[in-house]
Amino acid sequence: MTLIGLLWTVPLFPVAGFLLNGLLGARFFPKKAVWVIACGAVLLSFLVSLGAVVALRDVGSLTPSPGAAVDARAHRVTLTLGSWMPMGRSADGSELSVDWSFALDPLSAVMLLVVTGVGFLIHVYSIGYMGHEPHPVFARFFAYLNLFMAMMLTLVLGASLPVVFVGWEGVGLCSYLLIGFYYDRMFDEKTRMSCADAGRKAFITNRIGDVGFILGMLLLFVNAGTLDIQGILAKTGTLGPGVCTAAALLLFFGACGKSAQIPLYVWLPDAMAGPTPVSALIHAATMVTAGVYVTCRMAPLYLKSPGAMLAVAVVGALTALFAASIGLAQNDIKKVLAYSTVSQLGYMMLAAGVGAFSAAIFHLMTHAFFKALLFLAAGSVIHAMSGEQDIRKMGGLDRHIPWTHATFVIATLAIAGIPPLAGFFSKDEILWAAFNQRPLGLLLWLVGAGTAGLTAFYMWRLYVLVFRGEERFDDEVRHHLHESPRSMIVPLAVLAVLAIAGGWVGIPEVAGFRNLLAGYLAPVLGAGEEAARAAPHAPLFEVVMMIVSTVIAAFGLVLGWVFYERRPEARVRLAESARGLYRLMVNKYYVDELYGKIVLAPYYALCRAAAWFDQWVVDGVVNAAGYVTLATSYTSVGFDTYVVDGLVNLAGYIVRGFSWVFRKVQTGIVQTYATAMIFGIFVLVSAYLLARGH
Amino acid sequence: MPVPASHILVFSLLLFSVGVLGVLTRRNAIVILMSIELMMNAANINFIAFSQRLQNMVGQVFSVFTIAVAAGEVAVGLAVVLALFRNRDTVYVDEVHVMKG
Amino acid sequence: MAPEAVVFYVLASIALVSAVMVIWSRNVIHSAIYLVLTFFCVAAVYVLLRAEFVAVVQVLVYAGGILVLFLFAIMLVNLRDPLGSRLGVHATLSGIVGVSVVGMILYVYSTGRLARSLTLGPPTTGGGGNIQLLGDALYRDYLLPFEIASILLLVAMIGAIVLARQKY
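Taken in order, these protein sequences are the chains called A, B and C. Here the first sequence stands for residues 1 to 694, numbered as in this note's numbering. Here the second sequence stands for residues 1001 to 1101, numbered as in this note's numbering. Here the third sequence stands for residues 2001 to 2168, numbered as in this note's numbering.
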């Protein structure tokens, strides 16, 4: 079984790293040992994953063994490590037990490599980025990162929904821990939100989504009789359309929470409270894509329900457009990237919703490259700017931090969709698939293309404001301005290469290439995609669409260049003329305030009502029961005290009374006793004499 | 001896009763021990008197024993008084009432 | 009245008075002195009753041994309060009881035939006394009690030593 047999060690290395650094790191290890352990654990995971993925290519030659099932047709190897929840058999004889099992197939292989590869780069980057932190903070950071890696890998590899859910919740926990990493710092002065609050917001919002996930999971369990993913998918044919739709929508609601889709996206921008490597790793490259991954993983279920598919597509498209428009007006470098992430996740969901699952995974992968790069470059900028995040106070940085600048440009072009960079291919595939959707294809395409334009615009705006124009920072910052250390630059360079070349694995067939990634994923996703594909291939038209989307992206770029570099006064005029819309976008459409009003306020009211009910009605009933018991017990105690005890005490008092008298006799003085003795003799002799008749 | 035996017995009785009164009324343990010696002497007088009256040596033998017992009793009794004094700093029996109920 | 009778009554009177003084005296040393006087008188009475050996033993043991023991004890206990007798309610009650018992016994004597008929005979042996007879009785008939008495004295001695030791 070669390295596939060692698949179970993949999440275990980071667990070991977490335990070592978490328990001992702060106290016993030097900083160097801490990062060597943390990065080494992830590197080992990456190498084992790579070996396993290579071995998976010859899936046909693999021999099944106990605990390792091989499905050659789907290119899947499932390792069962042990029984987790043995629940016996259901009435109709199907196995209800849940095993702790990992599955490796092309889909999880792609995720595995992305997660461990990008994760390793970000770990390396963190060495430099967190290098100035005190030792315990440093160790804590790497411990959390490793725990996150372990949980993410569990999520990716899980072969049954509960195992996936463990990872799902685990990454949520790590996200919470890492967003609130600087729990004592203020994140947003305006709304008085601390970093800990931001972590809580992310955690609670995710919990709302998790309710959907759990309900979907249980619905599938009830109807399919198993929690094993492949078992469920094999039974989708026997499930009714209603069940399929409900389960798909519930799971999608969970994915909305994790992947920051409308209406649960609000946590992701605030998740930027975490350190920048965390934003790159968790809130751009890996965790937030888990929703997309699970949606693709459950693709056959979604395909059974056109309604659910449409909902996914529409929510994804709306999220993409909505978040991109908010991103236009943000002034915090990380918030711009955060909204961009939300927008790109919307793209992925759109792809999944139109049945282009491999395109979703493709975009997931390229996005992991260029968005991680953007975040890391942004982190490098922040690092250089002594912690400044407001892009209005930057500008002209290209001369000072050339490496960061170069990588940032590459990433910007990649996300904007300029060929031949990674973003172009994946985004174009999504747009093409959306266009072919029926009946909303054109609409979805327009939204997607518009979003692509907006993305190009705000990304170029960000680039210009940060790196070009005059320098808007003060001398204090300028004095400290420096290029980041090599441990940060090297990951940037590697990711830049990936952001350029990462898309080449998915060059569409029209250009005379083979779409390698789609081909690789075909054993898992191909059948579903064929089923979803409504229109036949029209190569010429596809090329036209490609050119159109490229032009749109280029137009966005040029517009950004014009407004922010060439003629800023035009931008001001535009902002003046559309002041209302601008205000709306700056304030993120007041969604947080809206949620505060329509969700939180009624919720608080409900809480207060529940508290009132609890205090007066529930507690009242309980207290009444208590009072009745109390009264009964008082009666009982009264009887016991005064009657039963009274009798007992009476006996005691009688004895005590006598003893009081007798005690007085016992003076302790021997002469008293002698007197009594002699008096006794006197009495006895007197009695004797009287009896004798004297 | 021309004295009636009853007078000797009365003498012995009076001596004895003085001893009894001493034991009953005095607080000082040493005086109480002395009173006990008086009572033993009274008993001895009785023994000797009856020995004389009955022309029998047993009474005298017994009075010798009594003297021996009295000697031992005084030795132990005074040792007890010494121990008492050492521990309780008193020889007054009414101040030693550990057995008081 | 025969001179012997006179001597007896005088001795008895002295013995009784000094016995009363033993328990009446406030000073324990005085009590001890009165006690030795009583012993001497009783010893003299023994002589009158032809018990010369017992009289000698009385003087040796009581006057010589026991009294010295008393004096040592008085010396050692270092009496802080020489005031002895305290005629409280208790002592009064005890006195009444004691006197009533004495009265009762006197009543018994006065009414009993025994007391009236009891007159003392002549001495058992003349001159040298009855030491011989006493020795015969003591070492022949009462040898075992005699030896037991010696053991008793030994035990008493050991007991006294143990009790009077400084620490136990």
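Treat each hint with caution, since some may be false.
What the hints assert, rightly or not - Each pair of labels, with its calculated beta carbon distance range:
(1) B:1080 / C:2064: 36 to 44 Å
(2) B:1058 / A:665: 38 to 46 Å
(3) B:1058 / C:2064: 40 to 48 Å
(4) B:1097 / C:2099: 36 to 44 Å
(5) A:638 / B:1097: 37 to 45 Å
(6) A:663 / B:1055: 50 to 58 Å
(7) A:664 / B:1055: 48 to 56 Å
(8) A:663 / C:2005: 17 to 25 Å
(9) B:1098 / C:2099: 25 to 33 Å
(10) A:667 / B:1055: 44 to 52 Å
(11) B:1080 / A:665: 36 to 44 Å
(12) B:1080 / C:2005: 37 to 45 Å
(13) C:2099 / B:1080: 22 to 30 Å
(14) B:1097 / A:645: 44 to 52 Å
Said to hold, decoys possible - Chain B stretches covered by chain C per the calculated footprint, using a threshold of three residues with CB under 8 Å from any CB of chain C:
(15) 1021–1034
(16) 1074–1082
Worth flagging that the hints you see were computed from the coordinates, not collected in a lab. Yeah, the Cβ is synthetic: ideal placement off N, Cα and C, and Gly gets one too.
Worksheet entry | Index of numbered hints that the structure contradicts, given in increasing order | 1, 3, 4, 8, 11 and 14
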